[in-house]
Amino acid sequence: DAKTTQPPSMDCAEGRAANLPCNHSTISGNEYVYWYRQIHSQGPQYIIHGLKNNETNEMASLIITEDRKSSTLILPHATLRDTAVYYCIVGLTGTASKLTFGTGTRLQVTL
Amino acid sequence: EPEVTQTPSHQVTQMGQEVILRCVPISNHLYFYWYRQILGQKVEFLVSFYNNEISEKSEIFDDQFSVERPDGSNFTLKIRSTKLEDSAMYFCACGPEDRVIDTQYFGPGTRLTVL
Chain B
10 DAKTTQPPSM
20 DCAEGRAANL
30 PCNHSTISGN
40 EYVYWYRQIH
50 SQGPQYIIHG
60 LKNNETNEMA
70 SLIITEDRKS
80 STLILPHATL
90 RDTAVYYCIV
100 GLTGTASKLT
110 FGTGTRLQVT
120 L
Chain Y
-9 EPEVTQTPSH
1 QVTQMGQEVI
11 LRCVPISNHL
21 YFYWYRQILG
31 QKVEFLVSFY
41 NNEISEKSEI
51 FDDQFSVERP
61 DGSNFTLKIR
71 STKLEDSAMY
81 FCACGPEDRV
91 IDTQYFGPGT
101 RLTVL
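As you go down the protein sequences, you meet chains B and Y in turn. Those letters in the first sequence? Residues 10 to 120, by the working numbering. Those letters in the second sequence? Residues -9 to 105, by the working numbering.
So that you can see chain B by itself, here it is in the shape it has in the complex (with noise of 0.2 Å):
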């Protein structure tokens, strides 16, 4: 599976926008992007995925480079619920393969 590179940490103010960027330099044709969280100690929590286009859903979106060597995870309206480590992970579907976490970002929302 591919490598990501996320910042550690970045904050946020309550109501604006969280833009968290994900480098997967080396993302191969057939591989995805899915992002994950993890709030407090509780299990990672699915966010949404992507292979070439853009995609929204009632979470978040993603905006994934033209090259997608890079994509970035958007929270249009972040509020303080979430507050927690983002994972970008990056592997093929359809594979029931594991889920290889990094070190993610930690986003604080704050008032």
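All clues stand as given, with none of them false.
Straight line, CA to CA, 30 Å or less: simulated DSS-like cross-link-like pairs of lysine-lysine: (1) Y:Lys32 x B:Lys12; (2) B:Lys78 x Y:Lys32; (3) B:Lys12 x B:Lys78; (4) Y:Lys47 x B:Lys12.
Think of the hints as simulated: they come from the structure by calculation, not from any bench.
Let chain B serve as the given structure and place chain Y on it in line with the hints.
Just chain Y now, kept in the frame of chain B:
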């Protein structure tokens, strides 16, 4: 919304004792996983399980570990003889049969403390 449940939420045991961690995955999910997270460290993959057999295991998952799906609902992780370094949060996860995407749904975890 269906969710993964794990019991117990916290298990304290003496070194050398056997522990069984239990998970009830989302019904109709057919892929099962165990991960662990030592305090302050990354979430680490232990094992994946499909069609009543192990699909993949990490080097952490040695002979002291075993998994079982004893009935149609439970998925268990057994540690035969616990060590101090087994102290961690253990997360169960599951995935649907439709593998269009590799979404995994995690339980709340069991905190294992080995004394």
